[in-house]
Structures are given as structure tokens and as C-alpha cells.
Amino acid sequence: MSEKQLMKGNEAIAEAAINAGCRCFFGYPITPQNEIPEYMAKRMPKVGGVFLQAESEVAAINMVYGAAGAGARVMTSSSSPGISLKQEGISYIAGADLPCVIVNMVRGGPGLGGIQAAQSDYFQAVKGGGHGDYRLVVFAPSSVQEAVDLVQEAFDVADMYRMPVMILGDGMIGQMMEPVEIKPYVGRKLPEKDWATTGTGGKRKKNVINSLYIEPDVLEKLVFDRYEKYKKIEETETKYEMTDCEDADIVIAAYGTTARIVKTAMKTARAQGYKVGLIRPITLWPFPKKPFQKAAKTAKAFLTVEMSTGQMVEDVKLSVNGEKPVYFYGRTGGVVPTPAAIVEQIKKISGGEY
Amino acid sequence: MQKVFQRPKSMSDVELHYCPGCTHGIVHRLVAEVIDELNIEGKTIGVAPVGCAVFAYNYFECDMQEAAHGRAPAVATGIKRVNPDNIVFTYQGDGDLASIGTAETVHAAARGENITVIFINNAIYGMTGGQMAPTSLIGQITTTSPYGRTSEIQGYPIKVCEMLSTLDGVAYIERVSVDTVKNINIAKKAIKKAFETQIQKKGFSLVEVLSTCPTNWGMSPIEALEWLRQNMIPNYPLGVFKDKE
Chain A
1 MSEKQLMKGN EAIAEAAINA GCRCFFGYPI TPQNEIPEYM AKRMPKVGGV
51 FLQAESEVAA INMVYGAAGA GARVMTSSSS PGISLKQEGI SYIAGADLPC
101 VIVNMVRGGP GLGGIQAAQS DYFQAVKGGG HGDYRLVVFA PSSVQEAVDL
151 VQEAFDVADM YRMPVMILGD GMIGQMMEPV EIKPYVGRKL PEKDWATTGT
201 GGKRKKNVIN SLYIEPDVLE KLVFDRYEKY KKIEETETKY EMTDCEDADI
251 VIAAYGTTAR IVKTAMKTAR AQGYKVGLIR PITLWPFPKK PFQKAAKTAK
301 AFLTVEMSTG QMVEDVKLSV NGEKPVYFYG RTGGVVPTPA AIVEQIKKIS
351 GGEY
Chain B
355 MQKVFQRPKS MSDVELHYCP GCTHGIVHRL VAEVIDELNI EGKTIGVAPV
405 GCAVFAYNYF ECDMQEAAHG RAPAVATGIK RVNPDNIVFT YQGDGDLASI
455 GTAETVHAAA RGENITVIFI NNAIYGMTGG QMAPTSLIGQ ITTTSPYGRT
505 SEIQGYPIKV CEMLSTLDGV AYIERVSVDT VKNINIAKKA IKKAFETQIQ
555 KKGFSLVEVL STCPTNWGMS PIEALEWLRQ NMIPNYPLGV FKDKE
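The listed protein sequences correspond, in order, to chains A and B. When we follow the working numbering, the leftmost residue of the first sequence carries the number 1, and every step to the right adds one. When we follow the working numbering, the leftmost residue of the second sequence carries the number 355, and every step to the right adds one.
No wet-lab data here; the hints were simulated from the structure. From the three backbone atoms N, C-alpha and C, an ideal C-beta is built for every residue, glycine too. Be aware that a few hints might be false.
Label-pair restraints from in silico Cβ distances [to be verified]:
1) A/E235 <-> B/I553: 36 to 42 Å
2) A/G21 <-> B/N393: 44 to 50 Å
3) B/K536 <-> A/L212: 51 to 57 Å
4) B/N393 <-> A/R188: 36 to 42 Å
5) A/G111 <-> B/Y510: 29 to 35 Å
6) B/E577 <-> A/V223: 33 to 39 Å
Result set (BS3-like, lysine-lysine): computed pairs, CA atoms no more than 25 Å apart in a straight line [what the hints assert, rightly or not]:
7) B/K397 <-> A/K206
8) B/K536 <-> A/K205
9) A/K206 <-> B/K363
10) B/K357 <-> B/K536
11) B/K546 <-> A/K193
12) B/K363 <-> A/K205
13) B/K555 <-> A/K46
14) A/K203 <-> B/K397
15) B/K536 <-> A/K206
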């Protein structure tokens, strides 16, 4: 399947996962990601894979734990309230150093919230979510094509570093149709899964998948070792896109679908003489600090635009580190910011209204 | 010299952490003996619970996974679905299986998930220090039912075998006890049958083992065995609840 075809985001993500060798999917229905389990239910039996609708998100993520521990390329997907339920399992998966891919098609919250697109799970995805000292690599695609490419990357990153990886989309990415090309999967060179519980076959010592360490010194060392791994990931796996920042007075920070709206706003603003640029983090963790530090030397101000009340803006501020003012504009609860409203913000900042 | 008694190959050569008189050690041994006798240790994966048996991954000499509290049947499902030729068992206590993990237990059984569950029912939370379990008996005093469990306040104990045997996916269910040598022998036969049920791909199998907790029951090991006979067996009758041919 290497020619362009029109696909819905959720279905394209599912097909991309299968293309990347994922043969195991455990899920539970929740809007707006139902096309992923539905697609997997159709496709997995055809490719000799496993699809199972679990009794809950809690069960689904623990099935992922078991399957990942048994050495499978495994994925689950959900949307915000369901991802909250999965947090227990995600913490255990991180603590047991297991690789898997988790898709969150974010909807408005808190609580049952709504079913329209939002970015209000940034904190949950990037700052922990479950209990304990751990990280997820979090990819934030802004188009269906990018989602497809990042799903394949996500499986490799998960296997390479033995850790859970999240694709943080939103209702729009999941539901919209765009032309995509699912390229033949060319994976990274990955380590053998010699730690997996596949049965000793009487040929090796037993393997144990576990996150329990009663001795504080032992647990501390494991957590520190994991943080050394995280440092390496920060150095090598950070992804971002920088657009028109060289001459920009105002640099906008936005990710996912919001970044596309910002690009439309930028065209309007540039046409009216406002010099604006964009930094679009593609990995939300590791957060791309360097482009912000670089832009802080030349830009006069930063504007973060999100579909939330202001979550990523904290990381933008930490990166800019007080060198330049950082403003925020957000809509939430499923309301999408309009290009006109963003242009309005640009004008206010330029006019010194803030 | 002829060796007449030895550690099963499928038990690791380590000291168990269980309290004196606790029957977990007996059940561990029975499971390991069965794995040895069926010659399946090389393809068996065990799933340890949260509770007193949390360190079971140190005690069974086969591949092991440690599950979150109550999630062992879901974890076992993941393992089994990836490699259906593996033999997968969970080892769970009453809090793990019949309280926090009720949904995972019931649905694994309903799916006919081809796994074996060893269920230790000692009517109390041992690891956390003697709190009320879903299987604590009416009238039983625990640290969280200090005036005795009543049906009005805490409700009735859950009879797992009776409940699960109504499900079509269940192939084999038996309740046994380890209070006497005779019952220990019956328990071993049941555990063996449960693993054979899985080997024959018949579906979900579970053995409930009535066990003692002398420490948290506040009894000597001998008194605890007597209490099990006098109180638990009348409430949790022994026997085969389902045996699908």
C-alpha cells in the first residue's frame, strides 16, 4: 500500500500500525476513536493478528502489559476518559520497562466532558498521568500523513528504549479524511527481546516482568537508570518543525491540529505586515527546548495557542526561561480557535496591548 | 542413597516469605509438582498477583509476570493471546480476584480464556494486615469489620465457584481445601486437572483453595485449620462445580 489514498485519521493510524508489524490490539469503545478498534477488528484476523475488545480500558491496558511482556508489538487506543482509566496500567508498563503504543484521541474534559477535539490532556500525557517517576515519549501529529508516519516511528522508539509511547491526537485528527501514503515499513535496527516471557524452553533462566522493588536503594537505582535513558531520548529523539522564525517578532507555539490553524493565521498576519513564526513541537516529551531558546534571542514575544486553558504554555515558559514574554490564547471544551482570533492576538501583542 | 523427597524443579531454591502455618507454601508446592509432572515448565508463564503471593514470581521456576492488583486475568489474557501454545496460569488471593479484580475474573471466564487460575481463599486480606475480604464470613472479625461482618453493613461473602460456574466459557471449576493430607491430595488432583483442561484447550479453569491465615485470624496454625473446617467449609462447600467434557 504505497500509493496515496483518502483515509480517515483513525483508520489510517490502525493500518499504519499493522504495516509496522503490530499484530496485537486490545481496546474498548469510546468516541472519538472507535474507528481504530473497528478497523483492527476487521484487519487483525486477516493478517494473523489478535484483536480483542476488553471489558474495560483497565483490562485492555493490562492485556497490553501481558502481551508486551510476551514480546508482541502491541497497541491500544482510547480517548481522554478512557486514557484516565488506563493510567494505572501505563505506570506499570513504564515501571516494568515494556514497549507499547497508546493512542489518545483527545476530547474535551474534565469528567465525561464532551466528544469534540481538545488538547486538554497535555499535562496527563507529558507530566506523568499515572503514579511514579516515569516518562512517555509523546508524539503529536498535525495531519493524517504525519500520524501514519509517527505511528511507525512510535513502535520503533518503544522497542528501542523499552517504554510506552503515546500518540496524542485529537478528535479532528481521528475523524478527518486526508490523502495518505502508507510507505513500506523500514524499521530501525532494534535490540532482541530476550527479556520476554515466552517460556524458557528449558534453555535459559526464567524471565520476570515486574515493577516491584521493595528495597529503596534498588528501586532508586532503577529509576535513576531509567532517567539516564530518558536523557538520551531527550538528546536524540526530540522532533519539531520551525517555520518563518528567522525574522519573526512573534513566535507562536502550537502543536497538533492547532498548529495548522496557526499556519493559516500566520499567512493572514504576514500579508498584513506582522512578522510571525511558528515552532511546532512534534514530540511533546521530550519537549523541544532548543528552538525556543534560539528564537528567544531574536523574537520579541511568544504566543502559545492551545485547545486548552494553558498547559503546553508552561513548557514554553520553562524553555524561554524569562528571556521574552510568553502570552497565551486558548479555547477549550471542544471549541476550536479560529485563524481570525489568533490574528487578533498577534495584533494585540504587536500593539503592546498586553 | 535413594532420594525420597525433594523440591519440585518448578520451585525456585529460595526461602518463602510466608508466615508460619500459612498454607500458601503448600499450594505453591502443589502447583510446582503439577507443572513438573506435566513436563510443561519450559512453556509455562505464571502471573503473580498483588497480595501475600506478590513475590510468587520469585518462587516459581518458570517465566513470570507480576500484575497490578486484580489484573492478573487480563495480563494472562495478553500473554496467552500472543502465544496460545504457552501454558499460562494466575495465582491470586481473594482480595485480588474477588474484589478489585472481579471484572477481569468474570470476563476472562466468560470469554473462555484458555488459562488456569489458582484462587487462594483465606477470607481475609493478609498482606495489608487483616482487613475484611470479599470472602470474609458473616460474623467474622477483621480490622475493618471490628464488630464482625454483617449482611446489613458489609453485605454477603462472594462465592466465586458458584458464580463463575454459571458462565458458558468456564470449562472446569473445583473448590478444594488444604486442611488435611487427604484434602491436599484432592487439591493436587484438581490443580492437575485444571492445567490439563488448558492443555486440552477446553477453556477457562479455576481451582479455589480454602486456605488459612493464622497470623491475621489470630490463631495458632492448628487452630486455624480447625477454624477452616468448622467455618469455611460449611459456607464454601468443596467439590467440582463444573467439568465440561
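Pairwise beta carbon distance, A/G21 to B/N393, judged against the given window 44 to 50 Å: violated (33 Å)
Would you mind confirming whether the straight-line C-alpha gap from A/K203 to B/K397 stays at or under 25 Å? holds (11 Å)
Does the beta carbon distance between A/G111 and B/Y510 stay inside 29 to 35 Å, or does it fall outside? At 33 Å between Cβs, range holds.
Hint check: B/K363 vs A/K205, CA-CA at most 25 Å. Holds or violated? holds (13 Å)
Going straight from one Cα to the other, do B/K536 and A/K205 come out at no more than 25 Å? violated (35 Å)
Could you see if the CB distance from B/N393 to A/R188 stays within 36 to 42 Å? At 39 Å between Cβs, range holds.
Distance restraint between B/K536 and A/K206, which requires alpha-carbon spacing of 25 Å or less: violated (33 Å)
Within 25 Å, alpha carbon to alpha carbon, are B/K357 and B/K536? Holds, because 23 Å separates the two Cα atoms, which is no more than 25 Å.
36 to 42 Å as the expected CB spacing between B/I553 and A/E235, which holds or is violated: The hinted range 36 to 42 Å is violated for A/E235 and B/I553, with Cβ atoms some 49 Å apart.
Given the hint of 33 to 39 Å, is the C-beta distance from B/E577 to A/V223 inside that range or not? violated (44 Å)
Just to be careful, I want the Cα atoms of A/K206 and B/K363 compared with a cutoff of 25 Å; is the pair within it? OK: A/K206 and B/K363 at ~12 Å, within 25 Å.
Need the status of pair B/K546, A/K193: alpha-carbon distance at most 25 Å? violated (31 Å)
In terms of the numbered hints stated before, the structure departs from hints 1, 2, 3, 6, 8, 11 and 15, listed from lowest to highest.
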